[in-house]
Structures are given as structure tokens and as C-alpha cells.
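Asker: Here are the chains, one letter per residue:
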Amino acid sequence: MPRVYFDCLASSRLSVFALEFLPVQPQPEKYNFDFKKETAEIVAESRDELNLKLGEFAGPLDLLLYLIRQEQADIFDIPIARITDEYLNYIRLMKSLDIAVAADFLVMAAQLIEIKSKMLLPRDPLAEEDEEIEDPRQELIDRLLEYEKFKSAAQMLYEKSTVEQAVFARGKIESDDANAEISASVFDLLSVFQKVAARHKEEVKLEIQREEISLAEMIRNLKKRIFEDAELSLLAFFEEMHSHRELVTAFIAVLEIVRTEDVKLIQKKTFGDILLKRVEPAHS
Amino acid sequence: MAEQPARSPAELVAVVEAIIFVGDEPVTVKLLADVLDEDRQSIEAAIEQLSAEYESREGGLQLREVAGGWQIATRTEFHEEIRDFLKTRPSAKLSLASLETLAVIAYKQPVTVPEILEIRGVQSASAIKTLLEKRLIVTKGHKETVGRPMLYGTSKEFLLQFGLKDLTELPSIEDFEDLVQ
Amino acid sequence: MAEQPARSPAELVAVVEAIIFVGDEPVTVKLLADVLDEDRQSIEAAIEQLSAEYESREGGLQLREVAGGWQIATRTEFHEEIRDFLKTRPSAKLSLASLETLAVIAYKQPVTVPEILEIRGVQSASAIKTLLEKRLIVTKGHKETVGRPMLYGTSKEFLLQFGLKDLTELPSIEDFEDLVQ
Numbered sequence: 001m002p003r004v005y006f007d008c009l010a011s012s013r014l015s016v017f018a019l020e021f022l023p024v025q026p027q028p029e030k031y032n033f034d035f036k037k038e039t040a041e042i043v044a045e046s047r048d049e050l051n052l053k054l055g056e057f058a059g060p061l062d063l064l065l066y067l068i069r070q071e072q073a074d075i076f077d078i079p080i081a082r083i084t085d086e087y088l089n090y091i092r093l094m095k096s097l098d099i100a101v102a103a104d105f106l107v108m109a110a111q112l113i114e115i116k117s118k119m120l121l122p123r124d125p126l127a128e129e130d131e132e133i134e135d136p137r138q139e140l141i142d143r144l145l146e147y148e149k150f151k152s153a154a155q156m157l158y159e160k161s162t163v164e165q166a167v168f169a170r171g172k173i174e175s176d177d178a179n180a181e182i183s184a185s186v187f188d189l190l191s192v193f194q195k196v197a198a199r200h201k202e203e204v205k206l207e208i209q210r211e212e213i214s215l216a217e218m219i220r221n222l223k224k225r226i227f228e229d230a231e232l233s234l235l236a237f238f239e240e241m242h243s244h245r246e247l248v249t250a251f252i253a254v255l256e257i258v259r260t261e262d263v264k265l266i267q268k269k270t271f272g273d274i275l276l277k278r279v280e281p282a283h284s
Numbered sequence: 285m286a287e288q289p290a291r292s293p294a295e296l297v298a299v300v301e302a303i304i305f306v307g308d309e310p311v312t313v314k315l316l317a318d319v320l321d322e323d324r325q326s327i328e329a330a331i332e333q334l335s336a337e338y339e340s341r342e343g344g345l346q347l348r349e350v351a352g353g354w355q356i357a358t359r360t361e362f363h364e365e366i367r368d369f370l371k372t373r374p375s376a377k378l379s380l381a382s383l384e385t386l387a388v389i390a391y392k393q394p395v396t397v398p399e400i401l402e403i404r405g406v407q408s409a410s411a412i413k414t415l416l417e418k419r420l421i422v423t424k425g426h427k428e429t430v431g432r433p434m435l436y437g438t439s440k441e442f443l444l445q446f447g448l449k450d451l452t453e454l455p456s457i458e459d460f461e462d463l464v465q
Numbered sequence: 466m467a468e469q470p471a472r473s474p475a476e477l478v479a480v481v482e483a484i485i486f487v488g489d490e491p492v493t494v495k496l497l498a499d500v501l502d503e504d505r506q507s508i509e510a511a512i513e514q515l516s517a518e519y520e521s522r523e524g525g526l527q528l529r530e531v532a533g534g535w536q537i538a539t540r541t542e543f544h545e546e547i548r549d550f551l552k553t554r555p556s557a558k559l560s561l562a563s564l565e566t567l568a569v570i571a572y573k574q575p576v577t578v579p580e581i582l583e584i585r586g587v588q589s590a591s592a593i594k595t596l597l598e599k600r601l602i603v604t605k606g607h608k609e610t611v612g613r614p615m616l617y618g619t620s621k622e623f624l625l626q627f628g629l630k631d632l633t634e635l636p637s638i639e640d641f642e643d644l645v646q
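Protein chains in written order, with my numbering: chain A, 1 to 284; chain B, 285 to 465; chain C, 466 to 646.
Hints were generated in silico from the structure; no laboratory data involved.
Straight line, CA to CA, 20 Å or less: simulated EDC-like cross-link-like pairs of lysine to aspartate or glutamate:
1. C/Lys573 - C/Glu609
2. C/Lys552 - A/Glu164
3. C/Lys599 - C/Glu622
4. B/Lys413 - A/Glu240
5. A/Lys201 - B/Glu458
6. A/Lys195 - B/Glu458
7. C/Lys558 - C/Glu598
8. A/Lys160 - C/Asp640
9. C/Lys495 - B/Glu364
10. A/Lys223 - A/Glu261
11. A/Lys201 - B/Glu399
12. A/Lys116 - A/Asp74
Derived DEER-like restraints, expressed as beta-carbon distance ranges:
13. B/Leu444 - C/Ala475: 31 to 39 Å
14. C/Val611 - B/Ile457: 16 to 24 Å
15. A/Arg225 - B/Thr452: 43 to 51 Å
16. A/Ala230 - C/Arg505: 51 to 59 Å
17. C/Leu632 - B/Asp318: 38 to 46 Å
Keep in mind it's a predicted model, so treat the numbers as computed, not measured. Positions of the beta carbon are idealized from the N, C-alpha and C atoms, including for glycine.
So here's chain A without its partners, still in its complex pose (with noise of 0.2 Å):
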């Protein structure tokens, strides 16, 4: 399993080292393509128009495989230090323009710069003559074997996308007009909550302004709605309530009309709604 970071430790003094030292040189001019104008979508047609077309690259090893590649080095056997120093160079050029160097980038800089110094370091002389000795590029090069793997899916599951967008369902029909709704993931379960929750915050620092609806207020209501439609729904009555102080007026409201006004609860399932409804008053 190849590792991917060092320690923390480790990881942030060889990033500062590796910005310390990055030799100040002439821009180099085969990166002469527009990065402010080329965006990150793919839009060419094979692999290697497509690496030129890209404003910046998908990551560090991306990078790294372009610039393999430009120098047409062989990958189980990276020039190294000329690597690192291409790659050195495409980082200060990015901030040049700046573009947002992303910190993966930097962390790459630093293994490069420690793989180089690794390989300058004379051999162990005691060390036993057929001791097998690491070469401090492996874990490099097994990522990036690894990495290329999934650049090339990825290549492959564009191809698929771009043919899929030439494929066409039927238009609109009456039965989905009976099922205009959408269906769900957990994730949208989560984002919906969260407006919902985001959407209720704002409602109540606005709820706090408003002023509470009197019993009096509340009893012309609700009469005035019985009148209207000679029945209502408690539940839905009840539902209409901003807080919970609302809600006990209305429930108080209700006491009050059916004791005053000819008005019956009626309850036709035990357990269900609770109607309110106007009666003809009685002959007499």
C-alpha cells in the first residue's frame, strides 16, 4: 500500500523547504497556453489534446504524468531531479498567474525534493553487499501506476457520456403527469432538511417581531371562517399556528365558540380530525 502522506511534521517543514528553495528562473516557454481562458472541462477528443486543453491539472500526480510524458521518460525509471524541477516550475507558474496552487500540489513538491535527496545519497558502505536496496522512487511510481489506472477509467466513462448524450427518452406522456415528483436520495433527505432547518431560523428571528394574535382576534377568525365555509378541520386549523403560544389561543378560541355560538365538534373516527361546524340554529 503505498503511503500517501508523511506525519504532519514532517509534511509542513519540507512544504516551507520546498518553497524556500525553489530556484528563481526564466518562465519556461513551453507553457505558453492560455490558462485563464482554458477551463478544467474536458472538450477534446483523445488523451493527449486533452491534457494540453486542461487549465490546470486534476491533481499532483496528473501533473506529474503529463510532465512524465512530455519528457517521454520512461515511468519505472523517473529522471528525477528533472522531473522535479519541471515540476517546480509549472508550480511557480501557476502562481504567477495566480492560480490557486491547492496544498496537494505543494505536499507532492516536498516527496519529490526528499525522493531527489534520497537518490544523492552515496550508498551505505557497511551495508551487506546483496542487501536489496529500495529505490526511494517505488512508492512513486506505484502510485502513479495506480493513479493512471483510474485516469484512464475515467477517460473511458467519459467516452460513455458523451455517447449517452446522444441517446433521447420519450417526451412527456399523460401518466407522468400523475407522478411529477422527484425521487430521493439520504443525501437529498440532508440538504432538504438543512434548508428546511436554515429556512425555519430565519422564520423565527422574524417571529419575534411579529406581534402575538389576541383571543379576541382569534375568535373573529375562526368565526369568520365557520361562517364562510360552514365547516373546518381543527387539524388544520391548529396547523395554520406560528408558535405555540398561537396555539393555545386557538385552542382557548375554539373552547369559546362552541360555548357561545351554535357550533358542533364533530369527530367521526375515534383518533381522527375534529371537525368544527356550523348548526342551524334550532326553532323555537
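Given chain A, work out where chains B and C should sit, using these hints.
Answerer: Then chains B and C, alone, in the frame of chain A:
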């Protein structure tokens, strides 16, 4: 549409079929002629040909003229089977109101109607009814408070539909925190 | 569905076509068998027959297997005319970062954010957010390890948008090794 496309009659029939198929509404001859840069006569001939094909195939579909345009629809004799099919459609499909209500119930359960109202700020009675019908939520007894309102929570069906093993698998806001930034 | 419907093979083909047409998502063999009260074999035979018909007709439509079901859709060759008609443009393509992230998720699922970082060598948070929003990936619970990170996998929508029957249709990741160097 710069150069005149040299379509064979068969190709024209095929492309006319494809366009009628993707149209949300019946497609008129004029619109077909405009889009395909062909004259009315060619389009009419293609439709006639297509119509004859549909007739002779005796498949499940028909090409029919309706409201001044052409449309592909199912044959009327299969309406019972189609009704049966439409009834089976997956019930994870929800209106936004229902989805909002479900989200509140999922994250705040057990929860009462007034509490849902408090959070959503709108009535949820019909959404709750839908969710109960789709068996995505169930009642969880009464809350011991004024009016003893009903408590609602998510059901086993909910876990199934959303591919969750149990409620602890429901992602929390923290799980996506890194993504939001 | 009380009495056994005595359908001729031709009738079965026709009703299968009608139902596949009506479906707003690919229709599975199982669902067809259930709705029509027929066995799998009969349904499969009917689909095979229908598929052969669509092939030989060379019309504007195709019958295809995608995301585990069957769907009627237009043939690819008419995409330009259809776009002219619908007045649509190809939808925005995924960025390279999103595609790479999607590839890692597709092949390594269920997979966590740190595991994706390990392979890509770069933070993938915004790509994951995009993929979630486009419904191409879904959460698959938590990994029982330090920090219980969220697991991600591809969705049905992924199969649909990439025209895959199922995940086994993806070429093996090792096959890409030959392309490397």
C-alpha cells in the same frame, strides 16, 4: 442546418419517428419540416409511411394524430395492464413538500405534527398523509403533553427505500461538513 | 389479475412494448413478469422478439437494456436533429476532477473520502459534492473504522447516465493497465 441534408426516404421516416417520440406534445408537420429543413410533402409522406408501419406491426404503440400534431402513444387495448403497471411505480418518488416533511421526520423523530409545522413553517397534513400511505413513516404513540399529539417516525420501508441498514446510517450534517466549506 | 390472461406470444410482445414505453425509468423483467402475471422466460422471450423487431426495422428508435431494465430511446445517429428540435444543448460535462473521482468511486465502492484522496493524490470534496448533487453517487453508510467516515458508491442514475446495464458492464480496472505506458 447549413447544407441540405441528403436523406433517404427511410432515413427521413426514422428521424421523424425519433422527433415525434421525444416531443412532449403532438408534433406538427410544419415544425418537423422546419427542424429537418424538408418540405411539407416529404414530411407528410414520411408520416404516412410511418403510420402504415405502426398499423401493420400491431405492436404496443400507435402513431396518432391529435390536436393538429402527431404523437406516439400506447394502444388503447392495453390500458388495464398499463394501469396495473403504473400502480407499481416505486414510491420513493416524492413531491418537494413530502420530501421536506420526510426529512424533518427522519432527523427529528419521534416528532409531532405541530413540531413539524414549527420547523417547516407550513402545513404538513397532506404530506404526512402521503408519507403514511407510502408507508415511509409510522406513528410512534402519543406525546405526553397537552392534546397528546401523535408522534411520527420513519418506518422499515423508509430504510429499504433509502438503502439504509438502520437509522445510524443516516448521514449527519457533520458527515458532509467537509464537502460544504 | 384474477384469471390467467391467455395472451398469444404476439400480444405479449405488444403489451411488453406498451409498458416499456410508459415507464419513465427502465422497466425490469421482474416487474413486467409481475404486472403481466407471466413467467420470466416468457417475458425474456418477448423482449428478445421485440428487440429483434427494433433492430430490423431500422427506425428512429431502439430498445435497449440499461440500469437493470429495458427502455425505448432514440438512436444515437439522430442526436443533432433531435437537439435542433428540442432546442437543447448537450448538458455540461463533468470536470476531469469529478470524472476521476467518479471512476475511483465506481471501481472501489464502497469507498471513503480518505481512500479517494489516497488514489487521486488530491482533495476531492468539491467533486464529491458535485457528484452527490448530480445524483451520480450515493452514501452507503459509515465505515466502521476510526472516525466512522461516510462510504460512497454509484447510483442507479450513474448507470442511466453512462448507459450501463449494471456495474459488471464496466471493464475491469486491471484492463486499463495495458493502456498505461
